[in-house]
Amino acid sequence: MNVKKNKNAGIPVPAIVWWVTVAFLLAAVVYPMTVLIANSFRAQGTASFDNYRRLFSDPSIRKSLLNSLRVVVPSTVLSTALGVFCAWAVVRTNVPGRKLFSRILAIPYFIPPFIGAISWTFLLGPKGILNRVLMDIFRLSEAPIDIYTIGGMIFVMSVYRFAVPFIVVMPTMKRISASMEEAARISGATPLRAMLDITLPLLLPSILGSMLLVFLFILSDFGVSAVLGAPNRIRLVTTEIFYLINRPDLPDHLQIASAYAMLLTVFALGGLYVYRRILKGSRYAVVRGESGGLAPASLPGAAKWGLFAALCVIFLVTTMAPVAAACVTALTKTWGIPFSAENATLANFTGLAAIRNISRAFRNSLLLAFLSALIITAVTLIVSYMAVRKKARGVAGVRIMEIMVTLPYALPGTIIALGMILAFARPLPYIGISIYGTFSILLIAYVARFLNLGYNNITGAISQIDTSLEEAARMAGAGEVRTFRDIVIPLLLPSLGGTMLLVIAPTISEISLSSLLWSVRNETIGTVIYSAMEEGRILREAALAVLLILLVVIVNFAAHSITERKDRYGKTGDR
Amino acid sequence: MKTKKIISLFLSTLLVLSLAGCGNTSAGAAKGEAVSGSLVLYTSEPEELVSELIAAFNREYPDVAIELFRSGTGKVTAKMDAELATGSTMANLIWFADIGYMKNLDEQGMLVHYKAPNAAGIDPSYVYGDGFGTEVRLIYNVIAYNTAEVSAAPADWQDVTKEEYRGSFAIADPNYSGGSFTALVTHVQYPDAVGWKWYEDIMANECRFEQSNGALMTKVSSGEYKAAEIVDFQIRAAKAEGSPVDLVYPASGAVLVPTPLCIMNNVPEDSLEAAKAFVNWCLSDTAQEMLAAQQYIPVGNVAGPEGAPKASEIRVLPFDLDYFTRESAGIRETYTERFGGTEG
Numbered sequence: 001m002n003v004k005k006n007k008n009a010g011i012p013v014p015a016i017v018w019w020v021t022v023a024f025l026l027a028a029v030v031y032p033m034t035v036l037i038a039n040s041f042r043a044q045g046t047a048s049f050d051n052y053r054r055l056f057s058d059p060s061i062r063k064s065l066l067n068s069l070r071v072v073v074p075s076t077v078l079s080t081a082l083g084v085f086c087a088w089a090v091v092r093t094n095v096p097g098r099k100l101f102s103r104i105l106a107i108p109y110f111i112p113p114f115i116g117a118i119s120w121t122f123l124l125g126p127k128g129i130l131n132r133v134l135m136d137i138f139r140l141s142e143a144p145i146d147i148y149t150i151g152g153m154i155f156v157m158s159v160y161r162f163a164v165p166f167i168v169v170m171p172t173m174k175r176i177s178a179s180m181e182e183a184a185r186i187s188g189a190t191p192l193r194a195m196l197d198i199t200l201p202l203l204l205p206s207i208l209g210s211m212l213l214v215f216l217f218i219l220s221d222f223g224v225s226a227v228l229g230a231p232n233r234i235r236l237v238t239t240e241i242f243y244l245i246n247r248p249d250l251p252d253h254l255q256i257a258s259a260y261a262m263l264l265t266v267f268a269l270g271g272l273y274v275y276r277r278i279l280k281g282s283r284y285a286v287v288r289g290e291s292g293g294l295a296p297a298s299l300p301g302a303a304k305w306g307l308f309a310a311l312c313v314i315f316l317v318t319t320m321a322p323v324a325a326a327c328v329t330a331l332t333k334t335w336g337i338p339f340s341a342e343n344a345t346l347a348n349f350t351g352l353a354a355i356r357n358i359s360r361a362f363r364n365s366l367l368l369a370f371l372s373a374l375i376i377t378a379v380t381l382i383v384s385y386m387a388v389r390k391k392a393r394g395v396a397g398v399r400i401m402e403i404m405v406t407l408p409y410a411l412p413g414t415i416i417a418l419g420m421i422l423a424f425a426r427p428l429p430y431i432g433i434s435i436y437g438t439f440s441i442l443l444i445a446y447v448a449r450f451l452n453l454g455y456n457n458i459t460g461a462i463s464q465i466d467t468s469l470e471e472a473a474r475m476a477g478a479g480e481v482r483t484f485r486d487i488v489i490p491l492l493l494p495s496l497g498g499t500m501l502l503v504i505a506p507t508i509s510e511i512s513l514s515s516l517l518w519s520v521r522n523e524t525i526g527t528v529i530y531s532a533m534e535e536g537r538i539l540r541e542a543a544l545a546v547l548l549i550l551l552v553v554i555v556n557f558a559a560h561s562i563t564e565r566k567d568r569y570g571k572t573g574d575r
Numbered sequence: 001m002k003t004k005k006i007i008s009l010f011l012s013t014l015l016v017l018s019l020a021g022c023g024n025t026s027a028g029a030a031k032g033e034a035v036s037g038s039l040v041l042y043t044s045e046p047e048e049l050v051s052e053l054i055a056a057f058n059r060e061y062p063d064v065a066i067e068l069f070r071s072g073t074g075k076v077t078a079k080m081d082a083e084l085a086t087g088s089t090m091a092n093l094i095w096f097a098d099i100g101y102m103k104n105l106d107e108q109g110m111l112v113h114y115k116a117p118n119a120a121g122i123d124p125s126y127v128y129g130d131g132f133g134t135e136v137r138l139i140y141n142v143i144a145y146n147t148a149e150v151s152a153a154p155a156d157w158q159d160v161t162k163e164e165y166r167g168s169f170a171i172a173d174p175n176y177s178g179g180s181f182t183a184l185v186t187h188v189q190y191p192d193a194v195g196w197k198w199y200e201d202i203m204a205n206e207c208r209f210e211q212s213n214g215a216l217m218t219k220v221s222s223g224e225y226k227a228a229e230i231v232d233f234q235i236r237a238a239k240a241e242g243s244p245v246d247l248v249y250p251a252s253g254a255v256l257v258p259t260p261l262c263i264m265n266n267v268p269e270d271s272l273e274a275a276k277a278f279v280n281w282c283l284s285d286t287a288q289e290m291l292a293a294q295q296y297i298p299v300g301n302v303a304g305p306e307g308a309p310k311a312s313e314i315r316v317l318p319f320d321l322d323y324f325t326r327e328s329a330g331i332r333e334t335y336t337e338r339f340g341g342t343e344g
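Chains E and X, in that order, are what the protein sequence lines are. Quick note on numbering: my numbering labels position 105 of the first sequence as 105, and the sequence is numbered without any gaps. Quick note on numbering: my numbering labels position 279 of the second sequence as 279, and the sequence is numbered without any gaps.
Chain E on its own, in the form it takes in the complex (with noise of 0.2 Å):
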């Protein structure tokens, strides 16, 4: 269990890299943060507590915090609930058409949130289709559904981001020992009774993992909140710190708004205590050598098919009616007439290649997610194995380092952008090169503020690896590396894959950390998307919006392809 007692290993590769990651995070993540935290402290110029006095007794600041609870909980528990179920319905049951549905479900995670939320408005805004198609039927004078509300954020969040738990879970079920399930099948028990009492149970760390993600997802989200937010000013923390960027004209307002961000690090600090709370001392090693996965349960017809409706439906909802909605305002000839034979257009698509630097953005934003989805799968995949096989520097270097992870993903983008420009808008001491608008501080930016996605997933995976089958490999005397080669990783393969999804995923639209921290030749497809936005160019949005989207499509599918011809084990038997 010792590196240094395995002689075959040699270089200590695991130890390096923990230590590089250690090091990229104290000058990525620790440097930026103290800036702003010591930034926080400083008012007018001297150190004080001003600023967080202020966060306290500012009425409003006190309704955004209040505001984002409400959206935050419910969303998180929703979202966790239909991604954990959609997830069982697609690995553990013989529901038709699941292999398609376990692709195209995950689609509404590759949908930016901004576009999503305005989506949503072209459905159930005021004039939106679905409250016209309501108000016709039942002949009412007034919109039915008011989307611009609390309720209205919290559906729209949950029905995004249930896609989180959906990916992240669904490896883990797949590759969850069958014995169990199969014995208290045997006596008796219903395919959902069995996965109420035997797997769910199996797969918490795998979903609590999912949920922390979610709620630090939800509680770092700008778009949907700015979008469904702004015309009843119901502001939540994010954009209440947003506002305050914005606001010059009072003194120290950054400073504010990083005492205010540091607020939200408590409470992912708070999720990841409670995560750890409810994990400890329980062992969940579920994946095992000897049993690959379960054969999905037999449904019976009618249940087979009833589920197979419900996933029709969560499919419409929640990627059909708002990717729909999107290509129709794409293919719109002009906006504010209605859709028809005579309005419509491929101008949007084709008027891109008329835009200045638009291949470049593509481009960019290609390299930076896939570049950022490569180095944070692969650093985290070493980084995780050993935090959970405690071959770290004892349990606090596992515990620092989680939090180094952990803090960047939780706070607002553009606070993260504040910071690195704090750290880097000068060159760098003794080297001399200045990082700072090159392509090079996008993709810093990036690997920080979303290296949480790998670690929480592969840690959330190798945890549920039995330790079995690594000690069978060292007695047979393979040694370190070869251990980790040849068992460890083709177990977590599938992982693997989905953690690359879930950093291209929001990498490849980012706009936040993008649209303060973008410079000349290195624009993004966020901060194109975010410049048509704000002039008002809804139809090029949509058309901009459409293209990301299938890009990242193409991307889930082509990558789901590679990891399932390449997955020799744990076979489920139905291919």
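It is possible that some hints are incorrect.
[As the list claims (entries may be wrong)] Taking lysine-lysine pairs in the DSS-like style, the calculated list, with each CA pair at most 25 Å apart, reads:
no., chain 1, residue 1, chain 2, residue 2
1, X, Lys115, X, Lys162
2, E, Lys127, E, Lys304
3, E, Lys99, E, Lys333
4, E, Lys127, X, Lys239
5, E, Lys127, X, Lys162
6, E, Lys333, X, Lys239
7, X, Lys115, X, Lys310
[Unchecked claim] Reference listing, derived: stretches of chain X covered by chain E, where coverage requires no fewer than 3 residues with Cβ under 8 Å from a Cβ of chain E:
no., segment
8, 243-252
9, 258-265
[Said to hold, decoys possible] Ranges between beta-carbon positions, derived for each pair:
no., chain 1, residue 1, chain 2, residue 2, range
10, X, Ala55, E, Lys99, 45 to 55 Å
11, E, Leu346, X, Lys197, 41 to 51 Å
12, X, Gly167, E, Ile129, 13 to 23 Å
13, E, Val317, X, Pro268, 25 to 35 Å
14, E, Asp136, X, Arg326, 48 to 58 Å
15, E, Val73, X, Lys115, 51 to 61 Å
Just so you know, the hints here were simulated from the structure itself, not pulled from any lab data. Remember, it's a predicted structure, so these values are computed and weren't measured experimentally. We treat Cβ as the ideally placed atom computed from N, Cα and C, and that holds for glycine.
Go by the hints and put chain X onto chain E.
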């Protein structure tokens, strides 16, 4: 082997990273023109329009390279503030809708005062302070309305406080949008025409809010809002594209939203002439015609956009920089206290 691959991948990525860090080059081919230099412009103007302008400028001044950072006014100033906190900003030219911020920079001696020769022919009130900034085209906050939803076009600010507009009139949140905040200060300055009373009335009439003019325009065009207080050039552009929208310059006066072009004093010595050349060129007939074609009201003596009034024909609530500097903080506070808190 896989581990090694991953490691080498990681290391090579680090290498790529460090190489990318060195790639900070600046363009500009020397052709022996009189004026040359390299400038960075921070702006909130639509990127396409500014790019068009810079390209035309480069046809006359091929040796001046102008790089662009574009974002919303609030983000541009936040970026500048963060950069300034570390010592210096990358911006040499600034052009966005926050004259209060610019005035503040000027008071700290950070702006170059410059009176462009081409400014001789324009209204002197468009050159601010002692030349710390110059208006190169004019934008106004006006009332836009959806022609399909509104039977009788509104004519003045008071019209949108009528029952007909309950819940369907919107403004850009003054706390997000620099333009909307300027409008607020100017509105308050002229209580006979607008004043606080107007804000009380629209709030009582369930006024809606958006973060940007872009979102306002999208929703006025779609009919979600019957009318909105919005910047004029965007509506003209939407109307030209066939959207069912039109605008009125309110009878009691539109609000001029100052968006001066300013030169920062951090401009490298060898590029100062280039910066001045750009400001001066923006006031030339070539540039003014181009801006008019982009649906802006030109500041110079060229023909305006089709169907738009000339600057001299528009009745405005005159912008008063002294009043703005003196009163804006207090007005912001009053507004935030009375109308600006978060709801839920």
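Hints and how they fare:
no.	hint	verdict
1	X:Lys115 <-> X:Lys162	violated (45 Å)
2	E:Lys127 <-> E:Lys304	violated (37 Å)
3	E:Lys99 <-> E:Lys333	violated (37 Å)
4	E:Lys127 <-> X:Lys239	holds (20 Å)
5	E:Lys127 <-> X:Lys162	holds (21 Å)
6	E:Lys333 <-> X:Lys239	holds (13 Å)
7	X:Lys115 <-> X:Lys310	holds (23 Å)
8	243-252	holds (count 3)
9	258-265	violated (count 0)
10	X:Ala55 <-> E:Lys99: 45 to 55 Å	holds (51 Å)
11	E:Leu346 <-> X:Lys197: 41 to 51 Å	holds (49 Å)
12	X:Gly167 <-> E:Ile129: 13 to 23 Å	holds (20 Å)
13	E:Val317 <-> X:Pro268: 25 to 35 Å	violated (57 Å)
14	E:Asp136 <-> X:Arg326: 48 to 58 Å	holds (54 Å)
15	E:Val73 <-> X:Lys115: 51 to 61 Å	holds (59 Å)
Violation of the numbered hints given earlier is confined to hints 1, 2, 3, 9 and 13; the remaining hints are satisfied by the structure.
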